[in-house]
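Mind docking these for me? Both chains are given alone in their own frames, and the hints should help you get the complex.
Single-letter residue listing:
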Amino acid sequence: MATLVQVDDLRKEFGNVRALAGVSFSVEAGEWIAIMGPSGSGKTTLINILGGLDMPTSGQAVVDGMDVARLDEAGLTRFRAQKIGFIFQQFHLVPYLTALENVMLAQYFHSTTDEKEARQALERVGLGDRVEHLPGALSGGEQQRVAVARALINHPKLILADEPTGNLDEANEETVIQLFQELHREEHTILMVTHDPAIGNLADRRIEFAHGKLKHILRPTELA
Amino acid sequence: MFWRLLWKLLRGSGGRLAVAILSLVSCAMVVSALLNLEFDIEHKLTQEFRMLGANILVSPRNAQINSSSPAELMSESEVSATVSALKDPAVVAAAPFLYIVANAGKTPVVVAGTKLEELSKLEPAWKIEGDWRSSQEAPTSCLVGRNVARQLQLIVGSPLGLTYLNNNAQFTVAGIVDAGGTEDNQVFVGLAEAQSLATLPGKISVAQLSVSGTSNSISQFAARLSTALPAYEPRPIRQITEAEGDLLSRIRLLIVSMVILILVLTALCVLGTMAALAMERRQDVGLMKALGGSIGRIVTLFMTEVGVLGAAGGFVGAALGVELSRWMGQRVFGTAISSRWEIFPLTIVLMVAVALAGALPLRLLGKVKPAVIFRGE
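So the protein sequences, as listed, match chains A and F. Residue 1 is where the first sequence starts when you use this note's numbering, and the numbers rise one by one after that. Residue 1001 is where the second sequence starts when you use this note's numbering, and the numbers rise one by one after that.
Next comes chain F alone, as it looks inside the complex (with noise of 0.2 Å):
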């Protein structure tokens, strides 16, 4: 009888119990969303952050970047092996470079010797005019950053004539750098060929590596990279890194912030409905009691009612707040967030008692006296 009984509550309070559910459902699809963007934004923003270039530089204790004076330079295939040795997938690029100062005609130019595959993964964010993958290949293609390009009069497919001390080396301009830093005053060219024209083989002035996970994951890989290679030096970019923890925080801040209040609403919400439900149900609770129904077993009937209510309202919102969450992550990633299973029983148990909240009114029914109402007062 209590399940006919709730099945009958439910179906003779339709109109009310809609406005409760559509609150509830809208609630749940929106704390769903937000919830599953909260579990997954450290991976989004990771890859995020992997755009803005390298977190960790491996340099030669105590040096200088862009100094080329042998006494601070690094083995290229020491530094290489060990990070190849550590095996760790964080690792998203790895890019050797080598710093000198060339001439270009009589105009010195910094010349950055380094991978050129690495350094398309290490700074996939950079604008290139030109044939990105040609310079990859072709030993002899560079890249010229914007202001070099425009002092020397360059374009793509432009020759390319550099100078370092006796040796001379040619190239042909594959592309045109727009990186918005002092990479603009740079020219790129392949490890081996800068290490040729430097004369300095096997040699490296600094590594750059991008490394994705947490502040902390970041620095604890640094750390381990220290031990593995006790001669150099690689620290965190704190900057980066840094910033990376602090947007999180403030994200999830937000995020938790956004959630708590949205359910405060809600049961604002529903607690209004309920409120007009209670004031339709006090005859019908005045006769319960007189047919000798307990409070326990009255109340607990509307809080099932609620509780039910809830669930469902839970249960639809959860799946819709997956598409949610699919429509935000492709809207402010590019990526569809990834859904958590456990978000789902989380959602509807957060609406059960979001409902349960709202329903106040409902157990103040039990104060109901049936005199009272039989009185019509």
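This is chain A alone, in the form it adopts within the complex (with noise of 0.2 Å):
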């Protein structure tokens, strides 16, 4: 399999608080990553950077060929709109915008809308008969699999998911956890971060953080 995702000593500090302190790890294409650590361990400012939401102090961060760190604003919108998709634990749909337009949003930053496809992307996800749903009559685990359908809609090369099933109880969580086993047997390229030993039992491998390091980096069968 190609690297996707290559990572050397990534460095990402706020102020006099460094988040991330030299991190090196690559994923290959259609590889699950579960990215695990205590809270302030640098998970999120590493999907951030690698989604081009936040740039790094230093090193690189090289996404299907494309150096995050080099990419100017424009480049940047380019990267996140044609390589990225974004699931959040919160799920951050808008909130005056159909389940369907949710999703179409993502088209429309991408290139053209194609309501047919939005609403196949939906009912791929169970929600075609929420369609026309406002994101406050949906649970939160519908809002989550509306969340997941807009971050497919536009065929991206990275699934970043940050905690997806954070907000979710247990029944929502297993809806939303069997949709990653699916895109992960289709082969999407995932990097996911969980508190869920359980679910990163499910990833290719774990990454483990701490104080901005990378800890471990394991396969669940040498977690025995």
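Just so you know, the hints here were simulated from the structure itself, not pulled from any lab data. Certain hints may be false.
Pairwise CB distance ranges (calculated) [as the list claims (entries may be wrong)]: (1) F1002/F to H211/A: 42 to 48 Å; (2) R1363/F to H211/A: 48 to 54 Å; (3) V1349/F to E132/A: 53 to 59 Å; (4) S1257/F to Q82/A: 32 to 38 Å; (5) E13/A to G1296/F: 29 to 35 Å; (6) G15/A to T1300/F: 30 to 36 Å; (7) L1268/F to G15/A: 54 to 60 Å; (8) D8/A to R1004/F: 55 to 61 Å; (9) L1346/F to T57/A: 31 to 37 Å; (10) R1004/F to Q82/A: 19 to 25 Å.
Note that CB positions come from ideal geometry on N, CA and C, so glycine has one too.
Next comes the structure, spelled out in structure tokens:
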């Protein structure tokens, strides 16, 4: 498999706070990586840098051949639209847009909208009958499934999920995790931040952080 | 998707935007009314100033007014024919006057012979006790100034005998004039009767003209008259024409200042609303940027939203402004101000500009960093 993500000596500082202190690893295309570690260990900072939402202080973060640190504002915008699919813990849906329009919003910023394709994406996550609902009328699990549909609609190279089940009850968590397993079987590349060891065990590898440093890179089989 | 998003933005922020659109409609209404007034003020003011009487005086060259020396008189027919030949629709009234000092009994009085129908057009503001119309129709009717009436103890219907040299004439008082000026000391009779009394057929002392228009156009008309009547001296009555021009300039300055002030205040009001809206939308903008929305595309969306608000506010306000300007015209001038179609698009353009100027906080949303927003800072 080809390397999709290459991180070398990545550092990020917020004033005197060191969020990432020289992190290096690589991710193959089609891999599901679980990023774990205590709060404040730099997991979300890593996701933000890989997604082009934040810039590193130094080091390299190459995604699909593009070094995020070298992109200007316009380049970052294109990078986010074309390469990345984000799924957030807080869902981050636009409250005054329907489920369908939230998915189409990603299409709109990527290129052109295709309502039929957006409906199909929602049907795929089991929300074919909820397309015209506003986020406020959807459960947490349904909102997260809309976010998954939105993340997939532009066929991104890399799916970045920051604790996607962190705000869900057990039943909804199960539904969302099943979706991720499906995506993995379809060979999507997924980097997922999670605190849940059970979810971490579903991934191909676990990258564990502590104090901004990479502590372990483990395969689930190595945990035993 | 752009217009769909725009519609959802407008609906989603209805409460906040209602404040902005209310201020834009109010502003557009007042601005539209003031601009209509500004465009029509010259016409209205000119009409108002015509109430003040003559603004051009035609007299013999180097003559003293009220003199009736034959050498200082003018030909009535020559002046009338020249004024008629110019065929200027701006001439509201042209009244020839022959002034003589006659005796009423033993009391000397200034007698002004004139065309009484022209006098009524020349001096519409005069207060007249009695039947003004009958004095125009009957050749022996006359109008007397209130001071003359008091001095000679005349009332409407009283007989008045006038003597000039060896000639006598009998008149009936048809009205008592309260002009608030020297006219209150005069007796107004028909021009032909005055000429007959003074044995000066076809002669007049002066001609007074009421001409509508600006100070400049009145001066130009006087100049044309001067060319056509080289023996006489037509000249604008400066106190009136200059006062008119001066007042027009002041009112226009006042209107323009008010329009600018209202536009600035409305922009500040919109600014306040948009600042609150911008705070509410930081999260949405952070998300849009995370999804790959460019700054240009996001800001264009918000600016279009504000532009639509401005245009809608301008449209409704301009329509209401037409009614407001009518009401203002009725209250101030007694007639409705005529609306001009060009005010409509001008008001809409001004409101869009004001809304965009007040939308500065939304433009600053382009600087939002998604990571900062998602961290909850």
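Checked hints:
For the pair F1002/F and H211/A, the supplied restraint of 42 to 48 Å holds, since their beta-carbon distance comes to about 46 Å. The given range of 48 to 54 Å is broken by R1363/F and H211/A, whose C-beta atoms sit roughly 40 Å from each other. Between V1349/F and E132/A the Cβ separation comes to about 38 Å, which falls outside the hinted range of 53 to 59 Å. For the pair S1257/F and Q82/A, the beta carbons lie near 54 Å from each other, so the given range of 32 to 38 Å is not met.
About 31 Å separates the C-beta atoms of E13/A and G1296/F, a value consistent with the hinted range of 29 to 35 Å. Range check, G15/A to T1300/F: about 34 Å between beta-carbon atoms, so the 30 to 36 Å window is met. Against the hinted window of 54 to 60 Å, the Cβ-Cβ separation of L1268/F and G15/A comes to about 36 Å, which falls outside the hint. Judged by the Cβ atoms, the range 55 to 61 Å given for D8/A and R1004/F is violated: they are separated by roughly 43 Å.
Distance hint check for L1346/F and T57/A: the Cβ-Cβ separation is about 54 Å, which falls outside the suggested range of 31 to 37 Å. Distance hint for R1004/F and Q82/A: a CB-CB separation of about 23 Å, consistent with the stated range 19 to 25 Å.
In this structure, the earlier hints numbered 2, 3, 4, 7, 8, 9 are contradicted, and the remaining ones agree with it.
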